[in-house]
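Produce the complete structure using the sequences and hints provided.
Protein chains in written order, with my numbering: chain B, 1 to 150; chain A, 151 to 331.
Please keep in mind that the hints were generated in silico from the structure rather than gathered at the bench. Do not rely on the hints blindly, as some may be mistaken.
[Stated by the list, open to error] Straight-line Cα separation of at most 25 Å, DSS-like style, residue types lysine-lysine; simulated pairs:
{"hint": "1", "chain 1": "B", "residue 1": "K3", "chain 2": "B", "residue 2": "K122"}
{"hint": "2", "chain 1": "A", "residue 1": "K278", "chain 2": "B", "residue 2": "K58"}
{"hint": "3", "chain 1": "B", "residue 1": "K67", "chain 2": "A", "residue 2": "K153"}
{"hint": "4", "chain 1": "B", "residue 1": "K3", "chain 2": "A", "residue 2": "K227"}
{"hint": "5", "chain 1": "A", "residue 1": "K302", "chain 2": "A", "residue 2": "K227"}
{"hint": "6", "chain 1": "A", "residue 1": "K181", "chain 2": "B", "residue 2": "K31"}
{"hint": "7", "chain 1": "A", "residue 1": "K278", "chain 2": "B", "residue 2": "K122"}
{"hint": "8", "chain 1": "A", "residue 1": "K179", "chain 2": "B", "residue 2": "K29"}
{"hint": "9", "chain 1": "A", "residue 1": "K278", "chain 2": "B", "residue 2": "K64"}
{"hint": "10", "chain 1": "A", "residue 1": "K227", "chain 2": "B", "residue 2": "K128"}
{"hint": "11", "chain 1": "A", "residue 1": "K278", "chain 2": "B", "residue 2": "K31"}
{"hint": "12", "chain 1": "B", "residue 1": "K122", "chain 2": "A", "residue 2": "K176"}
[Unchecked claim] Chain A residues, not near chain B, derived (Cβ > 10 Å throughout):
{"hint": "13", "residue": "S166"}
{"hint": "14", "residue": "N192"}
{"hint": "15", "residue": "D194"}
{"hint": "16", "residue": "P216"}
{"hint": "17", "residue": "T226"}
{"hint": "18", "residue": "G258"}
{"hint": "19", "residue": "Q301"}
{"hint": "20", "residue": "P304"}
{"hint": "21", "residue": "C309"}
{"hint": "22", "residue": "A310"}
{"hint": "23", "residue": "V316"}
{"hint": "24", "residue": "E318"}
{"hint": "25", "residue": "Q320"}
{"hint": "26", "residue": "A323"}
{"hint": "27", "residue": "R327"}
[To be verified] Here chain A is said to cover these stretches of chain B; the calculated rule only asks that three of the stretch's residues, wherever they fall, bring their Cβ under 8 Å from a Cβ of chain A:
{"hint": "28", "segment": "27 to 36"}
{"hint": "29", "segment": "74 to 85"}
{"hint": "30", "segment": "90 to 98"}
{"hint": "31", "segment": "117 to 127"}
{"hint": "32", "segment": "132 to 139"}
All C-beta atoms, glycine included, are put in the ideal place defined by N, C-alpha and C.
One-letter residues, chain by chain:
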Amino acid sequence: MMKAKEIMTKDVATIIGSATVAEAARLMKEKGLRALVVERRSDNDPYGMVTETDIIYKVAAYGKDPKEMRVYEIMSKPCIVVNPELGVEYVARLFANSRIRRAPVIEGSLLGMISISDILNKSDFVEKPKSNFEIYCEEFPDALEARIYD
Amino acid sequence: MMKAKDIMTTEVVTVSGSATIAEAVKLMKEKGLRALIVERRNDDDPYGMVTETDIIYKVAAHGKDPKEMRVYQIMTKPCIVVNPELGVEYVARLFANSRIRRAPVIEGKLLGIVSISDILNKSDFIDKPKRIYIEDEIEAAREDARATCEQKGPTSRECAAAWDAVEELQAEAADRRSAKV
Chain B
1 MMKAKEIMTK DVATIIGSAT VAEAARLMKE KGLRALVVER RSDNDPYGMV TETDIIYKVA
61 AYGKDPKEMR VYEIMSKPCI VVNPELGVEY VARLFANSRI RRAPVIEGSL LGMISISDIL
121 NKSDFVEKPK SNFEIYCEEF PDALEARIYD
Chain A
151 MMKAKDIMTT EVVTVSGSAT IAEAVKLMKE KGLRALIVER RNDDDPYGMV TETDIIYKVA
211 AHGKDPKEMR VYQIMTKPCI VVNPELGVEY VARLFANSRI RRAPVIEGKL LGIVSISDIL
271 NKSDFIDKPK RIYIEDEIEA AREDARATCE QKGPTSRECA AAWDAVEELQ AEAADRRSAK
331 V
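Below is the structure:
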């Protein structure tokens with residue numbers, strides 16, 4: 001099974017929660033990104049994320065001034081994060097169940113970002129679709145069910 | 151106010167509802183698109199759309215075989231469509247209220263697709279944020295001012311401040327009207 005770390009985007013930009021939304025939008029435009037990771041305030045602080053959806057839904061839609069609004073007012077923090085070893089099919093399932101489209105990949109530190117676009121463009125779900133049973137067999141090759149065709 | 155047609159992406163690719171998901175994925179990868187428009191079966195048929203979110207949430211997440219599933223099984227049809235003349239702020243509000251991120255732009259025929267990325271990257275909402283219901287806000291501010299003046303007296307500081315607020319809103323609205331011309 002392909003893993004999150006194999007298809008994640010390593011080019012990630014971070015921003016502080018007190019930055020203005022205008023600054024966040026400029027950074028996103030410059031780097032061609034759809035989301036930024038919000039820096040932690042300490043090692044015990046959770047990761048946060050601000051996406052283009054947050055900016056459009058919560059700022060542009062209400063004609064609020066992005067120069068006068070701050071990232072912390074619209075960000076998702078804590079946000080759902082993904083372990084680099086998580087299988088791509090599980091990432092897809094996690095995203096579908098929690099209705100999200102991207103998440104930072106974390107293990108000790110920030111390693112990258114994984115999105116539905118990464119799954120669509122880089123994973124092998126078209127060539128090798130895996131059912132729950134197949135995932136189970138792959139994970140537990142010695143299980144009785146997995147050995148049924150031996 | 152900028153309009154949907156000013157920021158939409160005009161490169162649009164269509165797919166037939168009977169195509170397999172694998173074919174749709176191939177098309178999206180090749181063209182670098184996040185959504186495809188589903189062709190209408192006739193002129194009375196509504197427009198449909200299939201997005202990468204549909205594919206990941208409904209196919210990849212369940213380990214279903216994309217070669218054996220069809221677009222019509224996961225598409226959104228009818229989908230919300232946008233008029234090319236709709237102001238960008240109204241597009242943003244429509245998207246936020248209906249929790250969508252993109253919509254085809256239609257007038258007679260398919261003209262393009264407008265997405266939250268188009269709004270972020272091409273619209274002027276950062277330099278010129280626009281309150282779309284400013285006329286309503288003015289009316290509300292006027293009512294507030296009248297009430298304040300009645301309560302505190304027509305020569306009170308509160309009364310003057312309330313009318314200043316109304317004038318400020320009116321100035322902004324007038325500014326916008328002159329900018330339109």
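Taking the earlier hints as the rules, which of them does this structure contradict? The structure conflicts with hints 4, 5, 7, 10, 16, 29, although it agrees with all the remaining ones.
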